[in-house]
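Undergrad: Okay, here's what each chain looks like letter by letter:
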Amino acid sequence: MKREEIIEKLKEILVQADERMSDAIRNCELDSDLRTDLGLTSVGMLYTVIVIEETFGIRFENVGMNDFATLGDVVNYLEAHMNQ
Amino acid sequence: MKTPTAEVWRKYMDAETFDRIREMDSVAQMWAYCVSEYAQETAITDQKPYTYAELDEEVARMRTAFADLKKGDRVGILIPNSYLFVRTFLAVTTAGLTAVILPAGLDEKAVYGCCMKFGIKRLMYAPELKDKADAASKLPGAPEMLSADPMPAEKTDAAKVEGKDPCVIMFTGGTTGKSKGALLSNAAVMQGTVNGCYGYKQVFNQRYLLILPLSHVFGLIRNLMTSLYTGSDLFICRDNKDMFRDIATFKPTILVMVPALAEIALNLSAKFGRNMLGEDLKTIICGAAPVAPYLVEAYHQKGIALLPGYGLTESANLVSGNPDSINRSDSVGIMFPNQEYRIEDGELWLKGTNIFTGYIGEEEEAFTEDGWFKTGDLARVDEDGFLYITGRIKEIIVLPNGENVSPAEVEARFNALDFVQDSQVFEDQNEQGKPILALEIVPRQALLATKGAEDAKSYMMQELEKVNRSLQGYQQVNRIVIREQDFERSPSMKIVRYKK
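Note that the protein sequences, when read in sequence, are chains Z and P. This note's numbering puts the first residue of the first sequence at 1, with every later residue one more than the last. This note's numbering puts the first residue of the second sequence at 85, with every later residue one more than the last.
The set of hints was computed from the structure by calculation and includes no laboratory data. Please note that a few of the clues may not be correct.
[To be verified] Label pairs and their calculated CB-CB ranges:
#1 Glu-453/P <-> Glu-54/Z: 54 to 64 Å
#2 Arg-106/P <-> Gly-64/Z: 36 to 46 Å
#3 Arg-59/Z <-> Pro-133/P: 23 to 33 Å
#4 Ile-58/Z <-> Ile-427/P: 27 to 37 Å
#5 Glu-12/Z <-> Gly-203/P: 44 to 54 Å
#6 Met-82/Z <-> Lys-285/P: 42 to 52 Å
[Unchecked claim] Subject to a maximum C-alpha distance of 30 Å in a straight line, what follows is the list of computed DSSO-like cross-link-like pairs (lysine-lysine):
#7 Lys-248/P <-> Lys-222/P
#8 Lys-458/P <-> Lys-11/Z
#9 Lys-248/P <-> Lys-458/P
#10 Lys-222/P <-> Lys-244/P
#11 Lys-366/P <-> Lys-325/P
#12 Lys-386/P <-> Lys-86/P
#13 Lys-518/P <-> Lys-325/P
#14 Lys-155/P <-> Lys-239/P
#15 Lys-11/Z <-> Lys-518/P
#16 Lys-325/P <-> Lys-9/Z
#17 Lys-355/P <-> Lys-2/Z
#18 Lys-325/P <-> Lys-2/Z
#19 Lys-132/P <-> Lys-201/P
#20 Lys-386/P <-> Lys-518/P
#21 Lys-9/Z <-> Lys-518/P
#22 Lys-155/P <-> Lys-86/P
#23 Lys-205/P <-> Lys-11/Z
#24 Lys-11/Z <-> Lys-541/P
#25 Lys-154/P <-> Lys-205/P
#26 Lys-86/P <-> Lys-435/P
#27 Lys-155/P <-> Lys-11/Z
#28 Lys-9/Z <-> Lys-550/P
#29 Lys-366/P <-> Lys-285/P
#30 Lys-9/Z <-> Lys-285/P
[What the hints assert, rightly or not] Pulled from the structure, derived: some chain P residues nowhere near chain Z, Cβ distances all over 10 Å:
#31 Lys-86
#32 Tyr-117
#33 Lys-193
#34 Leu-230
#35 Pro-236
#36 Gly-303
#37 Ala-344
#38 Val-465
#39 Glu-487
#40 Arg-528
Computed from a prediction, not measured in an experiment: that's the story for all the values here. Backbone N, C-alpha and C define an ideal beta-carbon position, used for all residues, glycine too.
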């Protein structure tokens, strides 16, 4: 999967996690902070992790969403692990 | 006014189930009963199943590790959800000692602080938390800290424990917003455990999944203790993100969860087009945060009874439970037996067997002069005895996922930055109307003067975001505002807290 596709799919998941944030998520940049810019709460994080694992067919091993600050951090992680 | 006797619950339950419920005085008494009744049944599933008899054998050996301690001494437990936690907790409490449950996410300084504040004589830690315990144990005056994993070969009998004897100290935000330890007696813990049995047809020999942290009363009492008391099998979910895989494997019949998780399960079921909670699930016990009535209806359509309840750390979890949620979905139900209540200026006050003994190491008086505990929650009771929580008057913020955020505690972390003069953490809504946690700070003007205004602002924002990321997930704020003016102040110069 190309980087652009990963970003689009990830944004789609984040919108599902909280549709009321859809404008902010659709217009966000890779350096957008997941919590302060995209309003992701711990519940939203859990939903996002579960759906990412199912959608991208990966497992977050020894890493929690707390280890990611920005959207770009998640994209980088996914890109690295999907290409392994 | 007294709450109804247990008889009021009979009509909601199978007669045989109702008649099996008996009140008990102590965890030691309950555990002896469980082992005699359910010896060969599975008690805990954590990687592998452990029967009640196997668990009892190991609990008896584990008690030997405390043979040098005196009755009532406090033993810290720094262990995440696991079989090891259950074994250690039962060993400590059946040895007549007091368990102090420390959230596994505390850092070493907080672990040390708790040891000193609560007078912990020995701390038992999970092997994976060794580094943290080692660092804490090097600080001055720290108690002995031991891995909970190795077990002595010798067995030690359970102690004689009475209802009035202390059982466990749990963390709570209290009614003023600062984290503190609430001491629950054995009788309180057992009343909470038995309360968990009332209100649905089948209670004994069920399959539970543990998702909630055992450092929270909802996890410890309603999930773990009631599961053990009823001869059920408790599957320990090690990581919440794996919960739906665990559910698919284990097929629980009862789930104890916060509303936010019940909502996630619904959304995921719709998204993936399959029932994420498994075919065997009959009941969801839902609490620790307000339950939206639509959840009751949505689950009812799936053939699952979602039963809201109400409780506090200070009431050994359960004060009330709703056996008739489909007809009264906005109620937290009928109050459990052996309590008294009154409603003063709209606030619910409680007394009873399940009410805690007091806060430990705090000057704050927990009770009124005539012994009432003021819950800080606004409530009403209808003509049929159903309780409704209508609001909150205390400072603590309850998030939709049931986590309690103490504003004072989070503010203290931001206030540690040299440029922060004052801060305020509060619940607000974002532009889309969603509840969020927000932070506003007032910077020290002196610092601003040394830098260009824009530089200072971006520097401050970076530092604030760094602190934010270092907080536990549920404490992280979703909005940060740097104020140009001071907060509104009361005549005594205290910050007037936002009421939103």
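Undergrad: All hints, please: hold or fail.
TA: To see whether the hints hold, each was checked on the structure:
no., hint, result
1, Glu-453/P <-> Glu-54/Z: 54 to 64 Å, "57 Å, holds"
2, Arg-106/P <-> Gly-64/Z: 36 to 46 Å, "42 Å, holds"
3, Arg-59/Z <-> Pro-133/P: 23 to 33 Å, "25 Å, holds"
4, Ile-58/Z <-> Ile-427/P: 27 to 37 Å, "52 Å, violated"
5, Glu-12/Z <-> Gly-203/P: 44 to 54 Å, "53 Å, holds"
6, Met-82/Z <-> Lys-285/P: 42 to 52 Å, "47 Å, holds"
7, Lys-248/P <-> Lys-222/P, "35 Å, violated"
8, Lys-458/P <-> Lys-11/Z, "45 Å, violated"
9, Lys-248/P <-> Lys-458/P, "21 Å, holds"
10, Lys-222/P <-> Lys-244/P, "35 Å, violated"
11, Lys-366/P <-> Lys-325/P, "22 Å, holds"
12, Lys-386/P <-> Lys-86/P, "36 Å, violated"
13, Lys-518/P <-> Lys-325/P, "23 Å, holds"
14, Lys-155/P <-> Lys-239/P, "17 Å, holds"
15, Lys-11/Z <-> Lys-518/P, "18 Å, holds"
16, Lys-325/P <-> Lys-9/Z, "19 Å, holds"
17, Lys-355/P <-> Lys-2/Z, "24 Å, holds"
18, Lys-325/P <-> Lys-2/Z, "26 Å, holds"
19, Lys-132/P <-> Lys-201/P, "37 Å, violated"
20, Lys-386/P <-> Lys-518/P, "27 Å, holds"
21, Lys-9/Z <-> Lys-518/P, "23 Å, holds"
22, Lys-155/P <-> Lys-86/P, "33 Å, violated"
23, Lys-205/P <-> Lys-11/Z, "50 Å, violated"
24, Lys-11/Z <-> Lys-541/P, "29 Å, holds"
25, Lys-154/P <-> Lys-205/P, "10 Å, holds"
26, Lys-86/P <-> Lys-435/P, "9 Å, holds"
27, Lys-155/P <-> Lys-11/Z, "56 Å, violated"
28, Lys-9/Z <-> Lys-550/P, "27 Å, holds"
29, Lys-366/P <-> Lys-285/P, "10 Å, holds"
30, Lys-9/Z <-> Lys-285/P, "44 Å, violated"
31, Lys-86, "38 Å, holds"
32, Tyr-117, "37 Å, holds"
33, Lys-193, "19 Å, holds"
34, Leu-230, "26 Å, holds"
35, Pro-236, "32 Å, holds"
36, Gly-303, "16 Å, holds"
37, Ala-344, "4 Å, violated"
38, Val-465, "31 Å, holds"
39, Glu-487, "7 Å, violated"
40, Arg-528, "22 Å, holds"
Comparing the model with each earlier hint shows violations of hints 4, 7, 8, 10, 12, 19, 22, 23, 27, 30, 37, 39; every other hint is respected.
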